[in-house]
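Number of protein chains: 2
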Amino acid sequence: MSGSSHDDGRFSRRAFLGAGIGGLAVGALGGVGGTAWARSEGADAAAPSDGVPSHTAYPFYDRAHQGGIDTPQQRHAIFAAYDLTVSDPRSLQVLLARWSAAIAQFQRGRSLGAVEPTRSSAVPTDTGEAADLEPAGLTVTIGLGPGVFDDRFGLADRKPAKFGPLPALPSERLEENLTGGDLSLQACAEDPQVAYHAIRVLSRMAQGSATVRWTVMGFGRASAGKGQSTPRNLMGFKDGTRNIKSDADLASFVWHDGADQAWMKGGTYQVARKIQMHIENWDSDFIGDQQAVFGRSKQEGAPLSGAHEFDAPDFAKKGADGEPAIPATSHVALAAHENNGGLKILRRSYNFTDGMNADGQINAGLLFIAYMNDPAAFVTLQTKLGQSDRLNEYIAHVGSGVFAVPPAPASGSYVGEALFG
Amino acid sequence: MSGSSHDDGRFSRRAFLGAGIGGLAVGALGGVGGTAWARSEGADAAAPSDGVPSHTAYPFYDRAHQGGIDTPQQRHAIFAAYDLTVSDPRSLQVLLARWSAAIAQFQRGRSLGAVEPTRSSAVPTDTGEAADLEPAGLTVTIGLGPGVFDDRFGLADRKPAKFGPLPALPSERLEENLTGGDLSLQACAEDPQVAYHAIRVLSRMAQGSATVRWTVMGFGRASAGKGQSTPRNLMGFKDGTRNIKSDADLASFVWHDGADQAWMKGGTYQVARKIQMHIENWDSDFIGDQQAVFGRSKQEGAPLSGAHEFDAPDFAKKGADGEPAIPATSHVALAAHENNGGLKILRRSYNFTDGMNADGQINAGLLFIAYMNDPAAFVTLQTKLGQSDRLNEYIAHVGSGVFAVPPAPASGSYVGEALFG
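Chains A and B supply the protein sequences, listed in that same order. The first sequence begins at 1 in the numbering used here and counts up by one. The second sequence begins at 1 in the numbering used here and counts up by one.
There could be a bad hint or two in this list.
[To be verified] With beta-carbon atoms standing in for the labels, derived distance ranges:
hint, chain 1, residue 1, chain 2, residue 2, range
1, B, N339, A, P165, 22 to 32 Å
2, B, K245, A, A168, 21 to 31 Å
3, B, G208, A, G319, 33 to 43 Å
4, A, S413, B, T380, 51 to 61 Å
5, A, A248, B, A396, 34 to 44 Å
6, A, T118, B, A396, 23 to 33 Å
7, A, R119, B, N339, 48 to 58 Å
8, B, A396, A, P89, 49 to 59 Å
9, B, G342, A, E176, 17 to 27 Å
10, A, S171, B, F310, 33 to 43 Å
11, B, G319, A, G208, 52 to 62 Å
12, B, K245, A, S87, 37 to 47 Å
Treat the hints as calculated values from the structure; they're not laboratory data. Even for Gly, the Cβ is constructed at its ideal location relative to N, Cα and C.
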């Protein structure tokens with residue numbers, strides 16, 4: 001998969017070390033241009049099982065949207081939510097500006113300054129574990145929690161009308177230490193060490209301004225994006241068959257039009273949920289029940305009304321017993337846009353494991369991350385799912401956060417700058 | 001990296017589903033032959049940054065040694081230690097036989113029986129999340145803890161003279177729930193979902209016979225094996241520069257000669273340690289101190305007596321201040337075979353993160369796994385390191401296990417069968 005067409009996108013951390021890049025070099029180096037996006041939609045993205053496009057670099061500046069939303073889903077993710085410990089707008093601006101500058105470097109495969117400073121008594125600004133590694137398709141997406149618009153920062157009049165903490169939702173069992181946050185970072189890459197490095201250095205840069213509130217490290221097999229095969233969740237079912245895949249749907253359901261708040265134009269909202277699976281119960285269930293829970297076949301992923309994965313579900317079709325072929329309380333029936341006034345959200349989820357659970361079995365779950373231009377879309381869908389979904393017997397939402405995601409910054413700017421204008 | 005030379009090694013789970021493979025099909029399908037090993041030592045292994053050799057399949061049967069020891073280090077690992085809940089030799093035999101048969105399937109990229117059984121009331125034997133995935137270079141290595149040779153199984157006279165629980169070692173801070181185990185499984189693959197799937201299904205197969213005691217999920221960038229670039233640990237330093245890389249060293253230091261116990265001929269011992277890093281302390285340290293701790297430069301990884309990573313350390317060389325260029329209490333000086341009567345062990349470590357620590361920073365650590373033909377080698381080295389290593393200020397060994405690793409089984413047999421003969 002290392003086609004020669006990608007060679008112009010290569011940036012190694014090693015090659016740039018001599019430049020001594022670091023600090024607040026906002027925009028000084030710009031992005032890598034618009035070609036990386038187009039490139040990654042090509043051969044690399046179409047055949048993820050054959051190779052990790054480790055030299056893919058996504059530009060950070062001068063794009064309509066931040067990366068990590070409609071860019072092809074990478075194999076690894078670390079999601080982190082932060083509590084702000086400062087309460088003046090200037091400190092928040094500085095943090096967002098420093099984070100933006102650092103992310104721009106990381107997405108090009110660079111370190112934040114020299115891994116090995118020449119002065120013996122210097123403390124390295126970069127922790128070094130990604131030295132020599134390629135960009136690995138890294139994207140880091142910055143989100144702003146509801147707390148940014150409370151009375152601390154004087155930004156209450158900049159709060160979008162539709163934005164605020166999520167209401168309590170049916171059947172959720174949220175844990176305080178896995179819920180909320182004033183800021184979020186979603187780092188995704190083809191290499192877990194690259195994603196870890198980004199979150200670690202960014203967390204370190206936040207010292208004195210913000211502390212980590214909760215994190216989830218996720219993994220996946222391949223993307224559910226355009227032209228890619230559908231990955232499976234840890235229940236063994238394909239997840240993302242009906243995900244948003246067209247620019248028209250992105251325009252309708254994901255991108256904010258900026259009507260009520262101009263600084264959000266081209267942005268979106270991010271909902272993150274840590275979903276624990278009760279895998280012992282699931283693993284001991286009959287295949288027929290498992291398929292009725294999802295409303296799909298397990299191997300092919302076809303709706304129970306059809307034969308192939310991408311067949312449109314026919315919710316009216318009856319089985320031999322006279323009951324709907326796709327049970328009305330199956331996951332696919334409850335979540336389908338046909339049954340929700342056309343509503344869609346963009347999902348970008350990862351699997352996770354936290355070691356063992358109390359029963360001495362290997363833990364499993366889903367880091368659910370979704371993007372939408374109105375958080376009410378998630379509330380609508382999850383209210384319905386939380387009330388009736390057959391899947392609720394086997395899962396619990398234990399973590400939750402909602403964040404406003406500004407558009408990508410122009411060179412020389414930073415994520416969220418327009419918010420302070 | 002998807003060269004056509006590899007096409008003969010392709011095995012997809014999908015392609016074999018129709019065969020309805022499952023249960024105790026020991027040896028019925030054999031291995032894929034000796035070519036996978038040779039293949040993986042070629043282009044795929046030499047350029048890991050350019051592609052994941054997801055179609056690489058390692059044979060399980062009819063090899064001198066189990067996989068996951070001298071096979072090239074994969075990107076992902078899950079290590080799991082188990083407590084046996086049965087106390088009769090027959091139950092242990094059955095578990096080892098069932099595990100062996102399942103691992104042989106997984107290493108060929110197959111599921112354990114149909115992902116979607118045809119009978120609606122069937123409970124699937126396979127959890128399904130690796131359906132459609134290629135073998136991804138999976139190796140699962142089975143180890144036997146000291147408990148296998150206690151009075152439960154009548155195997156006390158089969159215990160190798162050198163084998164037993166590790167003694168207490170200086171400066172370790174072992175946690176009970178991260179230490180010990182009667183059995184171990186080390187699953188390594190280029191795809192985390194493939195490694196997870198193997199451990200999950202094998203853990204499920206153990207129900208009624210063994211429970212999970214502790215697990216660590218590790219990740220790495222690339223291998224420290226033959227011809228591969230040296231990966232970095234989460235302290236930002238290269239780890240594995242002086243690792244065992246020759247067959248002669250493997251013969252001298254790793255493979256058991258079977259002299260006292262014939263069933264161990266071609267086997268080895270596995271030491272697993274979960275090592276927590278105190279990354280706040282480390283990250284705030286001067287680069288000069290960091291380099292003195294390891295005895296190496298950070299960017300190049302050269303010994304402080306030399307200029308290049310693979311320069312032999314010169315422990316006699318003095319710096320401008322008249323002190324040794326490589327401090328005597330540096331990690332490299334204490335661990336070097338030159339300073340330990342020629343002693344070497346084979347290391348096969350991974351990085352891990354467990355989310356946040358109590359200081360609100362991203363956690364970091366090392367899943368240290370080493371192989372040797374006498375556990376005393378680790379005890380000797382770690383006693384010295386635990387007493388004097390400058391690194392001790394920044395790390396703590398919190399988990400530990402030691403396991404006897406039998407050789408690979410012949411077709412029709414299973415790991416450890418000779419132990420019961």
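Quick rundown of the hints versus the structure:
1. Distance hint check for B:N339 and A:P165: the Cβ-Cβ separation is about 59 Å, which falls outside the suggested range of 22 to 32 Å.
2. Distance hint check: the CB atoms of B:K245 and A:A168 are about 58 Å apart, inconsistent with the given range 21 to 31 Å.
3. With their beta carbons about 36 Å apart, B:G208 and A:G319 fall inside the hinted range of 33 to 43 Å.
4. Between A:S413 and B:T380 the beta carbons are some 58 Å apart, a value that agrees with the proposed interval 51 to 61 Å.
5. The hinted window of 34 to 44 Å between A:A248 and B:A396 is violated, with their beta carbons roughly 54 Å apart.
6. The beta-carbon spacing between A:T118 and B:A396, approximately 31 Å, falls within the hinted interval of 23 to 33 Å.
7. Take A:R119 and B:N339: their Cβ atoms lie about 30 Å apart, and the range 48 to 58 Å is violated.
8. In this structure the hint that B:A396 and A:P89 lie 49 to 59 Å apart at CB is violated, the actual value being about 40 Å.
9. At roughly 55 Å, the beta-carbon separation of B:G342 and A:E176 lies outside the given 17 to 27 Å, and the hint is violated.
10. With their beta carbons about 58 Å apart, A:S171 and B:F310 fall outside the hinted range of 33 to 43 Å.
11. The hinted window of 52 to 62 Å between B:G319 and A:G208 is violated, with their beta carbons roughly 36 Å apart.
12. Here the CB-CB span from B:K245 to A:S87 is close to 55 Å, at odds with the stated 37 to 47 Å.
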